[in-house]
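Peer 1: The chain contents come next:
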Amino acid sequence: MTAQTQTRKPIRASRIAIYAALFLAAAFYLLPVYVLFITGMKSFQEVNLSRMWDLPSGFHFDSYITAWFGSEKESITGLAGNFMNSIYLAIPATLFSAVLGSLNGYVLAKWKFRGSNILFPLMLFGMFIPYQSILIPLVQVLKNMSLYGSIQGLIFVHVVYGIPITTLIFRNYFAEIPTELIEAAKIDGAGILGIYRHILFPISMPGFVVVMIWQFQSIWNDFLFGVIVTSRPTVQPMTVALNNMAGSYVVQWNVQMAGALIAALPTLLVFIFLGRYFMRGLLAGSLKG
Amino acid sequence: MRRVSSDRIIALAMLTPSVIAIAIFVYGFIGFTGFSSFTNWNSLVPDFSTVGWRNYERLFSAIPTDRFLLDLRNTVSFTILFLIACIVLGFLLAVLLDQRVKGEGIFRSIFLFPMAISFIVTGVVWRWLLNPGTVQTGSSGVNLLFEKIGLGFLRWGWFTDPTIWHIKPDTGLGQFLVGIGLDGIASPYFGVPVAIFSLVIAATWQMSGYTMAMFLAGLRGIPEELREAARVDGANEIQIYRHVIIPLLQPITLSAVIVLGHISLKIFDLVVSMTGPGPAFATDVPAFFMWDTTFRGNNFAQGAAIATILLVSVAVLIVPYLINTMRTEAEL
Numbered sequence: 001m002t003a004q005t006q007t008r009k010p011i012r013a014s015r016i017a018i019y020a021a022l023f024l025a026a027a028f029y030l031l032p033v034y035v036l037f038i039t040g041m042k043s044f045q046e047v048n049l050s051r052m053w054d055l056p057s058g059f060h061f062d063s064y065i066t067a068w069f070g071s072e073k074e075s076i077t078g079l080a081g082n083f084m085n086s087i088y089l090a091i092p093a094t095l096f097s098a099v100l101g102s103l104n105g106y107v108l109a110k111w112k113f114r115g116s117n118i119l120f121p122l123m124l125f126g127m128f129i130p131y132q133s134i135l136i137p138l139v140q141v142l143k144n145m146s147l148y149g150s151i152q153g154l155i156f157v158h159v160v161y162g163i164p165i166t167t168l169i170f171r172n173y174f175a176e177i178p179t180e181l182i183e184a185a186k187i188d189g190a191g192i193l194g195i196y197r198h199i200l201f202p203i204s205m206p207g208f209v210v211v212m213i214w215q216f217q218s219i220w221n222d223f224l225f226g227v228i229v230t231s232r233p234t235v236q237p238m239t240v241a242l243n244n245m246a247g248s249y250v251v252q253w254n255v256q257m258a259g260a261l262i263a264a265l266p267t268l269l270v271f272i273f274l275g276r277y278f279m280r281g282l283l284a285g286s287l288k289g
Numbered sequence: 290m291r292r293v294s295s296d297r298i299i300a301l302a303m304l305t306p307s308v309i310a311i312a313i314f315v316y317g318f319i320g321f322t323g324f325s326s327f328t329n330w331n332s333l334v335p336d337f338s339t340v341g342w343r344n345y346e347r348l349f350s351a352i353p354t355d356r357f358l359l360d361l362r363n364t365v366s367f368t369i370l371f372l373i374a375c376i377v378l379g380f381l382l383a384v385l386l387d388q389r390v391k392g393e394g395i396f397r398s399i400f401l402f403p404m405a406i407s408f409i410v411t412g413v414v415w416r417w418l419l420n421p422g423t424v425q426t427g428s429s430g431v432n433l434l435f436e437k438i439g440l441g442f443l444r445w446g447w448f449t450d451p452t453i454w455h456i457k458p459d460t461g462l463g464q465f466l467v468g469i470g471l472d473g474i475a476s477p478y479f480g481v482p483v484a485i486f487s488l489v490i491a492a493t494w495q496m497s498g499y500t501m502a503m504f505l506a507g508l509r510g511i512p513e514e515l516r517e518a519a520r521v522d523g524a525n526e527i528q529i530y531r532h533v534i535i536p537l538l539q540p541i542t543l544s545a546v547i548v549l550g551h552i553s554l555k556i557f558d559l560v561v562s563m564t565g566p567g568p569a570f571a572t573d574v575p576a577f578f579m580w581d582t583t584f585r586g587n588n589f590a591q592g593a594a595i596a597t598i599l600l601v602s603v604a605v606l607i608v609p610y611l612i613n614t615m616r617t618e619a620e621l
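Each protein sequence line maps, in turn, to chains H and B.
Be aware that the first sequence starts at 1, since it is given in my numbering, and climbs by one per residue.
Be aware that the second sequence starts at 290, since it is given in my numbering, and climbs by one per residue.
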């Protein structure tokens, strides 16, 4: 009995230490979320840097309303239009990327040809490059294609530079599928397109989910392409508009915080509801598919 | 026979649009940028007369501005601090979560969710959190929080602090360096800007969940028998980590260094939204300088030179990794 309590005691103490450390770490990660929430909820009279950590007196949604609709009196442009721009940008670009990636991945996994093992890493390199190294000609070419300064132009850019990662994820996904399945279908007389449509496409939904979450998140969160390709505020995506709002001296910081929360919401919701697939994309991004 | 060959043609046709797109938009554009960096195109009007290495020489000299030299110092400081912070914090969190804790899923989500949001959002929020406040209005942000919980001595200027930590020439070590002709090392060009810590904190907040997830997956892959065997041999828990677990996690650490290292070399969004170039360029980085000088200053050739240096530094890190990954895959 005494021996048992003796061995148990140090374990208890270390359990407490483990939980204490975890709660401390959790506090660090949640600190910005706490400030985002309480600041966004404060009324304009309560907004004061020296009372930054105090709870709001009640639920006030004025900051969110100003961040979303803007305010003519203070000449603040709301983020509603830019939020919609990001939707019109991210959804089509995600769909196109996924379709293109699945076709490329299918060929590179199941229809290998001479040189495909060299072609694939050459394509992959495109996802690691600093985009600064392609921006100068990109702007010129988009201007020549009359795509510069439009959402269509941004969709095009995201689809092109999304090719490496979407191809990688689908190639690794299709590589797991037994080649015998393809061989059997070939003997039955099925062609490359038939095999894709009737065999691989129906079982590739998890692959599509991973790729679409990854692309949606990276397109929604992108800033560099947005700020380079779109210069007119009415076509700018959410991140660019939020950065402009945060850089303006007219806009009070509770409105900035409300705007930041609105900008983070779509990808946060995806993370909360589809976190499992988010993790798979993350690991694929480090080439460990 | 005919069937197979037509399938081959269709396969190539499916791949061709992407291959052409990558050939032009990645390799062609890189080539164009590389070429532009040797031209005189430093105004709105394209001028493709070549000037040799002049754009590069200007970056590495202190005249007319030493901004790029400061950027290199900042990038090196940021990368080292950011990598250490992410790896240490990620490893500790993974070890804690590996102790069969209750609510592991919730903790994991709390450590990971910042990865889902934009660096712009992170920058906007942390800029207010680390806003030191002014003498007139009093402290704000975390400084105020420190005061409230009685840790006022931790107050700091954060990203507004222009101090550079470096070896002073009038100290013993400094005089030694000056004596052997290495006075460059005892100057602010070889230092750590205090303001960069603010960027490191925000970036670590966002990215350490990634290392946590990688290490946790690695820890879960280590068979329990290995730990048992070490315990039988009389090793205590700390020795088991030092001699068994950490060596086994080395490949994961290496890929974390490469993935986070290339993100850190390219860091841009966070700088734009959080600090900008900072006091005396203390938080300026090459990616920001390139954007600033190219698209605000119309110095296209100068910007192309910065972009090329940035690309080469990323390629040095990534290309061996890519080749290695492909080779291990081919062996399987």
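There may be inaccurate statements among the hints.
[To be verified] Here are the in silico distance ranges between beta carbons for each label pair:
1. H:Leu24 with B:Asn525: 35 to 43 angstroms
2. B:Ser332 with H:Leu122: 30 to 38 angstroms
3. H:Ser116 with B:Asp522: 30 to 38 angstroms
4. B:Asn525 with H:Met84: 55 to 63 angstroms
5. H:Leu122 with B:His532: 21 to 29 angstroms
6. H:Ser75 with B:Tyr478: 37 to 45 angstroms
7. B:Gly427 with H:Met84: 50 to 58 angstroms
8. H:Ala184 with B:Asp522: 34 to 42 angstroms
Hints listed in this document are in silico derivations from the structure and should not be mistaken for laboratory results.
Keep in mind that this is a model prediction, so the values were computed, not measured.
No residue lacks a Cβ here, since even glycine has one placed at the ideal position from N, Cα and C.
Peer 1: Decide, hint by hint, whether the structure agrees.
Peer 2: Hints and how they fare:
no.	hint	verdict
1	H:Leu24 with B:Asn525: 35 to 43 angstroms	violated (25 angstroms)
2	B:Ser332 with H:Leu122: 30 to 38 angstroms	holds (35 angstroms)
3	H:Ser116 with B:Asp522: 30 to 38 angstroms	violated (48 angstroms)
4	B:Asn525 with H:Met84: 55 to 63 angstroms	holds (59 angstroms)
5	H:Leu122 with B:His532: 21 to 29 angstroms	violated (41 angstroms)
6	H:Ser75 with B:Tyr478: 37 to 45 angstroms	holds (44 angstroms)
7	B:Gly427 with H:Met84: 50 to 58 angstroms	violated (40 angstroms)
8	H:Ala184 with B:Asp522: 34 to 42 angstroms	violated (51 angstroms)
Checked against the numbered hints given earlier, this structure breaks hints 1, 3, 5, 7, 8; the rest are met.
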